[in-house]
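**Q** Please work from the sequences and hints to get the whole structure.
For the record, the sequence lines run as chains A and B. Each residue of the first sequence is one higher than the last, beginning at 1 in this note's numbering. Each residue of the second sequence is one higher than the last, beginning at 114 in this note's numbering.
Derived by calculation from the structure, the hints in this document are not laboratory data. Among the hints, a few may not be true.
Derived pair list, reagent style DSBU-like, types lysine-lysine, alpha-carbon separation capped at 35 angstroms [said to hold, decoys possible]:
#, chain 1, residue 1, chain 2, residue 2
1, A, Lys71, A, Lys57
2, B, Lys157, A, Lys22
3, A, Lys42, A, Lys57
4, B, Lys128, A, Lys68
5, A, Lys71, B, Lys157
6, A, Lys71, B, Lys175
7, B, Lys157, A, Lys57
8, A, Lys112, A, Lys42
9, A, Lys22, A, Lys58
Here are the simulated distance ranges between beta carbons [as the list claims (entries may be wrong)]:
#, chain 1, residue 1, chain 2, residue 2, range
10, A, Pro113, B, Lys191, 22 to 28 angstroms
11, A, Lys71, B, Lys196, 23 to 29 angstroms
12, A, Lys57, B, Gly116, 21 to 27 angstroms
13, A, Val20, B, Gly185, 20 to 26 angstroms
14, A, Arg61, B, Gly166, 22 to 28 angstroms
15, B, Val167, A, Glu15, 45 to 51 angstroms
16, A, Glu83, B, Gln130, 36 to 42 angstroms
17, B, Gly141, A, Gln81, 33 to 39 angstroms
18, A, Lys112, B, Gln172, 44 to 50 angstroms
19, A, Asp59, B, Val167, 31 to 37 angstroms
20, B, Arg177, A, Asn3, 21 to 27 angstroms
21, B, Asn164, A, Pro8, 38 to 44 angstroms
22, A, Lys57, B, Lys157, 25 to 31 angstroms
Remember, predicted model here, so these are calculated numbers, not experimental data. Ideal placement from N, C-alpha and C gives every residue a C-beta, glycine not left out.
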Amino acid sequence: GENVEQHPSTLSVQEGDSAVIKCTYSDSASNYFPWYKQELGKRPQLIIDIRSNVGEKKDQRIAVTLNKTAKHFSLHITETQPEDSAVYFCAASVRGNNNDMRFGAGTRLTVKP
Amino acid sequence: EAGVAQSPRYKIIEKRQSVAFWCNPISGHATLYWYQQILGQGPKLLIQFQNNGVVDDSQLPKDRFSAERLKGVDSTLKIQPAKLEDSAVYLCASSLVRAAPITGELFFGEGSRLTVL
Numbered sequence: 001g002e003n004v005e006q007h008p009s010t011l012s013v014q015e016g017d018s019a020v021i022k023c024t025y026s027d028s029a030s031n032y033f034p035w036y037k038q039e040l041g042k043r044p045q046l047i048i049d050i051r052s053n054v055g056e057k058k059d060q061r062i063a064v065t066l067n068k069t070a071k072h073f074s075l076h077i078t079e080t081q082p083e084d085s086a087v088y089f090c091a092a093s094v095r096g097n098n099n100d101m102r103f104g105a106g107t108r109l110t111v112k113p
Numbered sequence: 114e115a116g117v118a119q120s121p122r123y124k125i126i127e128k129r130q131s132v133a134f135w136c137n138p139i140s141g142h143a144t145l146y147w148y149q150q151i152l153g154q155g156p157k158l159l160i161q162f163q164n165n166g167v168v169d170d171s172q173l174p175k176d177r178f179s180a181e182r183l184k185g186v187d188s189t190l191k192i193q194p195a196k197l198e199d200s201a202v203y204l205c206a207s208s209l210v211r212a213a214p215i216t217g218e219l220f221f222g223e224g225s226r227l228t229v230l
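**A** Here it is, written out as structure tokens:
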């Protein structure tokens, strides 16, 4: 089955700097890649997603890039703010079914003011 | 719009005891999921319902875990008997998407944190 690896497990940046989180997946059939943000004690919430027919998607300070050949995708956060501090999870879905979705282990991002 | 509701938020039990968690999805969401999130790990799917039918329960430890979704709305997840390794946050999620291969956003509840002593 699908295996998703996420790096780094922890990331600390200064406010205003950029943050990059990378994920790799094993199944070349995966075609849907969402990113979820989970603040401490809160529920995971979708922040951005990308499908395999595009290479990049941007939403204000957040962008996701996908390299299907290398089977990896990345989350980019620019001009980080303290409220960006959270755990970020990537996921990959094979054949577009949510029951095939596999989550990475998460990255704890800390933005220092 | 009301979100996914879960209860209880916290539960502490001793090993070999039983526990049940309840989930009420967003109104109109046909698909409901139970995930197990062990500390430091990503959510792991336990079971997926489409209305009141099971779509996937391949990762549900059926010797001790059971789940049902009567009437295609609320759902309960039960663990009996609990083991130490069951300590985790149990997340319920729902989505509007009705059928594969289209995926959609998962709306998660706040989760039920289980501690097994």
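**Q** All hints, please: hold or fail.
**A** Right, here's what the structure says about each hint:
no.	hint	in the structure
1	A:Lys71 - A:Lys57	holds (16 angstroms)
2	B:Lys157 - A:Lys22	holds (19 angstroms)
3	A:Lys42 - A:Lys57	holds (26 angstroms)
4	B:Lys128 - A:Lys68	violated (45 angstroms)
5	A:Lys71 - B:Lys157	holds (21 angstroms)
6	A:Lys71 - B:Lys175	holds (33 angstroms)
7	B:Lys157 - A:Lys57	holds (26 angstroms)
8	A:Lys112 - A:Lys42	holds (20 angstroms)
9	A:Lys22 - A:Lys58	holds (16 angstroms)
10	A:Pro113 - B:Lys191: 22 to 28 angstroms	violated (44 angstroms)
11	A:Lys71 - B:Lys196: 23 to 29 angstroms	violated (35 angstroms)
12	A:Lys57 - B:Gly116: 21 to 27 angstroms	holds (25 angstroms)
13	A:Val20 - B:Gly185: 20 to 26 angstroms	violated (42 angstroms)
14	A:Arg61 - B:Gly166: 22 to 28 angstroms	violated (41 angstroms)
15	B:Val167 - A:Glu15: 45 to 51 angstroms	holds (46 angstroms)
16	A:Glu83 - B:Gln130: 36 to 42 angstroms	holds (39 angstroms)
17	B:Gly141 - A:Gln81: 33 to 39 angstroms	holds (34 angstroms)
18	A:Lys112 - B:Gln172: 44 to 50 angstroms	violated (38 angstroms)
19	A:Asp59 - B:Val167: 31 to 37 angstroms	holds (35 angstroms)
20	B:Arg177 - A:Asn3: 21 to 27 angstroms	holds (25 angstroms)
21	B:Asn164 - A:Pro8: 38 to 44 angstroms	holds (40 angstroms)
22	A:Lys57 - B:Lys157: 25 to 31 angstroms	holds (26 angstroms)
Hint violations for this structure: numbers 4, 10, 11, 13, 14 and 18, all remaining hints satisfied.
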